[in-house]
Amino acid sequence: MIKKMQKTLIAIAFSFLSFLSFSATTTTANAACSVHIGDFDWDSANIHSAIGSFILEHGYGCDVEVTKGSTNPILAALIDNQIDVIFEHWTDNNVALIDPELESGNLVFLGVNTPASEQAFFVDRATSEAHGITSVDDLKRPGIKDLFTDPENPSKGRLTSCISGWTCYTINLVKLKEYGLDEMYTNFDPGSGGALDAAIMGASTKGQPIVTYYWTPTSLMGKPEVDLVRLTEPAYDKACWDEMMVVVEDIKANGPDVYEPSCACEYKDMSLTKLATGKFAADNADIIDFVNAYTIPTAEVNDMLAYYVDESGGDMEATAMHYLENSSNWESWVSSDIAAKVKEAL
Amino acid sequence: MKKIPQGVYYAIFTVFFFALLVVSYNHPRTRKRPDNVMELFSDFSWLNDWPRWLDLPFMHWINTNWKIFINEYGLIFDAIGYGLLRGYTELKEVAVQAPWPVVIAAVILITYFTSGRKLGTTVFVGFCTFFIGFLNPRFWDKAIETTTMVVLGIFICVVIGIPIGIAMARNEKVRNAILPILDLMQVIPAFCYLIPGIILFGLGAIPAIISIFIYACPPLIRLTDLGIRLVDKEVIEAAESFGASKRQKLWGVQMPLALPNIMQGINQCTMMALAMVVIASMIGTRGLGDEVLLGLQQLNVGAAIEAGLAIVLLAIVLDRMTQAYGEKIQQRNQPVKQIKKSD
Numbered sequence: 000m001i002k003k004m005q006k007t008l009i010a011i012a013f014s015f016l017s018f019l020s021f022s023a024t025t026t027t028a029n030a031a032c033s034v035h036i037g038d039f040d041w042d043s044a045n046i047h048s049a050i051g052s053f054i055l056e057h058g059y060g061c062d063v064e065v066t067k068g069s070t071n072p073i074l075a076a077l078i079d080n081q082i083d084v085i086f087e088h089w090t091d092n093n094v095a096l097i098d099p100e101l102e103s104g105n106l107v108f109l110g111v112n113t114p115a116s117e118q119a120f121f122v123d124r125a126t127s128e129a130h131g132i133t134s135v136d137d138l139k140r141p142g143i144k145d146l147f148t149d150p151e152n153p154s155k156g157r158l159t160s161c162i163s164g165w166t167c168y169t170i171n172l173v174k175l176k177e178y179g180l181d182e183m184y185t186n187f188d189p190g191s192g193g194a195l196d197a198a199i200m201g202a203s204t205k206g207q208p209i210v211t212y213y214w215t216p217t218s219l220m221g222k223p224e225v226d227l228v229r230l231t232e233p234a235y236d237k238a239c240w241d242e243m244m245v246v247v248e249d250i251k252a253n254g255p256d257v258y259e260p261s262c263a264c265e266y267k268d269m270s271l272t273k274l275a276t277g278k279f280a281a282d283n284a285d286i287i288d289f290v291n292a293y294t295i296p297t298a299e300v301n302d303m304l305a306y307y308v309d310e311s312g313g314d315m316e317a318t319a320m321h322y323l324e325n326s327s328n329w330e331s332w333v334s335s336d337i338a339a340k341v342k343e344a345l
Numbered sequence: 000m001k002k003i004p005q006g007v008y009y010a011i012f013t014v015f016f017f018a019l020l021v022v023s024y025n026h027p028r029t030r031k032r033p034d035n036v037m038e039l040f041s042d043f044s045w046l047n048d049w050p051r052w053l054d055l056p057f058m059h060w061i062n063t064n065w066k067i068f069i070n071e072y073g074l075i076f077d078a079i080g081y082g083l084l085r086g087y088t089e090l091k092e093v094a095v096q097a098p099w100p101v102v103i104a105a106v107i108l109i110t111y112f113t114s115g116r117k118l119g120t121t122v123f124v125g126f127c128t129f130f131i132g133f134l135n136p137r138f139w140d141k142a143i144e145t146t147t148m149v150v151l152g153i154f155i156c157v158v159i160g161i162p163i164g165i166a167m168a169r170n171e172k173v174r175n176a177i178l179p180i181l182d183l184m185q186v187i188p189a190f191c192y193l194i195p196g197i198i199l200f201g202l203g204a205i206p207a208i209i210s211i212f213i214y215a216c217p218p219l220i221r222l223t224d225l226g227i228r229l230v231d232k233e234v235i236e237a238a239e240s241f242g243a244s245k246r247q248k249l250w251g252v253q254m255p256l257a258l259p260n261i262m263q264g265i266n267q268c269t270m271m272a273l274a275m276v277v278i279a280s281m282i283g284t285r286g287l288g289d290e291v292l293l294g295l296q297q298l299n300v301g302a303a304i305e306a307g308l309a310i311v312l313l314a315i316v317l318d319r320m321t322q323a324y325g326e327k328i329q330q331r332n333q334p335v336k337q338i339k340k341s342d
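So the sequences go chain by chain: A and B.
With numbering that gives the first Met the number 0, the residue at position 169 of the first sequence is 168, and numbering never jumps.
With numbering that gives the first Met the number 0, the residue at position 290 of the second sequence is 289, and numbering never jumps.
The shape of chain A in the complex, shown without the other chains:
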């Protein structure tokens, strides 16, 4: 009796499995196209990729694969044409790497995804108001560095910086030297984006002073506990920035010993852009039209990020669907029949 039951069970399991594999193969065969999206390890990139892949998958009927990673590996894969499209690119950080590729036609530029973003040094509002810290020069005043004492190196203050290996880490290093802050502050590498967020979040919940590099749009900036004041720096000046970037690239290639005094100014408030490979663009004109049209105002991105982190519980697809349900902005990116298909899938 039991043996018989086992046999039937196995038979059922087998038929079920073969059915599954059959349905899996049919979807692949029917897909109109396949897109490999490159995603990064910060949340604004994640949601843009999620919205993009939702529309591509349900509107265009594409097979979408998303690969997530750090800036350099993903950009290298894009240049190598292993990845087709990226939905968020911090243009100014990777000029030296990307510009030649754009010129050679290996990559194509696909416009702006979020109009304005800032990168800067921030201090928590309580400390800023108590001690009148509003600019990077204020950090030099006597006694200020002791507010931010680095527990592992108590003679200095800790400036929680960008992640080492990211260009902004070296930029911050040069900036600290130019502003005369390097003797007073450590350019502290938090190791990863998540760790940087957690450090800011931890200091904010415990009410401890923190001076940190950070950027917008980010969900962290939208949280009620986190209230940061941007420190003013010398105004952005292209000539000065370019001069600094020469030193930065030199340090990246040859180590911090090759530092030479140059110039420093604030980060340019920049547009975040989109990129695709030239090969993919040539083969998929309709998709490229959509990616080109894709743009979301900064305020909406911040709202979405808050939703992503606090409401959806980090569910990217739910955030994308929430956006697509509640905004009609996106319908202008695609033709009406594709918009209808996307709506149907919601």
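Possibly wrong hints are sitting among the right ones.
What the hints assert, rightly or not - Using 25 Å as the maximum straight-line C-alpha spacing, the simulated PhoX-like pairs for lysine-lysine come out as follows:
hint, chain 1, residue 1, chain 2, residue 2
1, A, 155, B, 91
2, B, 232, A, 222
3, A, 139, A, 176
Claimed, not checked - Partial selection, computed: residues in chain A whose CB lies under 10 Å from chain B:
hint, residue
4, 196
5, 202
6, 326
Since the hints were made in silico from the structure, they are not lab data.
Note that this is a predicted model, so its numbers are computed, not measured.
Yeah, the Cβ is synthetic: ideal placement off N, Cα and C, and Gly gets one too.
We have chain A; now place chain B onto it with these hints.
Chain B in isolation, oriented as in the chain A frame:
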């Protein structure tokens, strides 16, 4: 004590399960709930895909309580962190300040005596130590920082882990209670406790040391427990027949005989601690892991492999030192074999 019948447990679990279902269904954050519960029994479409309303708001509970927890108990963790940090910086300063030949000489001396004066092991370990700095002079201080963290982590593991292991070996109930916790500690992904660690202790070495404890302690506890339970029944009976008390039995018989296993546990603990220090570089921990991460982020294959090799060398040094000591004890515990050898 009267034994509680199995059925009572089942009943409690069933009630608990249904209570959870009801609570999560009625939770204000549950989405896409039908207007009326009765719809669920007339329209069975929710059986196709996992319905949105069948969602335990576990994340929400944790987040709410986490905030309360930080506000209430944050100071305790600050104090723990401060204490550990003092230990870490003092230890590190001593080792970093010392001239490098002195450090290598110290490593060689320690290995020589722990390994029972084995010349081959000693020379090998000495060369490995030298090659860490030889690979890249920058690695020397970083290797010392890494070692300091590993040593502190192991110290905490030993202080907390061995007593727990002993308690487990002596009491079945304690063991049944602790085993699932050990499973949890070993399997839960490191980032689950690294990120809360930063919020509690700030960036740097302290959350790394705490993570070392969580990640590396379970094998030490398990091997201590195993080592004590593996001691021959006849030996214990002999001790008992001589009138040994429970304490005498533990310290005079069980612990010495379990020592090779415990040393094996410390050895495993060391290796896992080293692995964790590399992962902890993702949360701003200095040391050799930092170099690997930098190599990865800059796509610099050479730098990453160089740093990886330095970690392997450090692992060999720490492994041989603890392993050799364990072997020495094992030989001492088996006098019969030793006599044969000297023949």
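Here is how each hint holds up against the structure:
Distance restraint check for residue 155 of chain A and residue 91 of chain B: the Cα-Cα separation of roughly 17 Å lies within the 25 Å cut-off, and the hinted pair is therefore satisfied. In summary, the hint linking residue 232 of chain B to residue 222 of chain A is not supported, as the alpha carbons are separated by about 61 Å, beyond the 25 Å threshold. The hinted pair formed by residue 139 of chain A and residue 176 of chain A meets the criterion: a straight-line CA distance of about 12 Å does not exceed 25 Å. Taking 10 Å as the C-beta contact cut-off toward chain B, the hint placing residue 196 of chain A at the interface holds, the least distance being around 8 Å.
Contact between residue 202 of chain A and chain B, as hinted, is supported at the beta carbon level, the nearest pair being about 8 Å apart and thus within 10 Å. Checking residue 326 of chain A against chain B by beta carbon gives a least distance of about 19 Å; that is not within 10 Å, so the hint is violated.
In the structure shown, a violation is registered for the earlier hints numbered 2 and 6, in ascending order.
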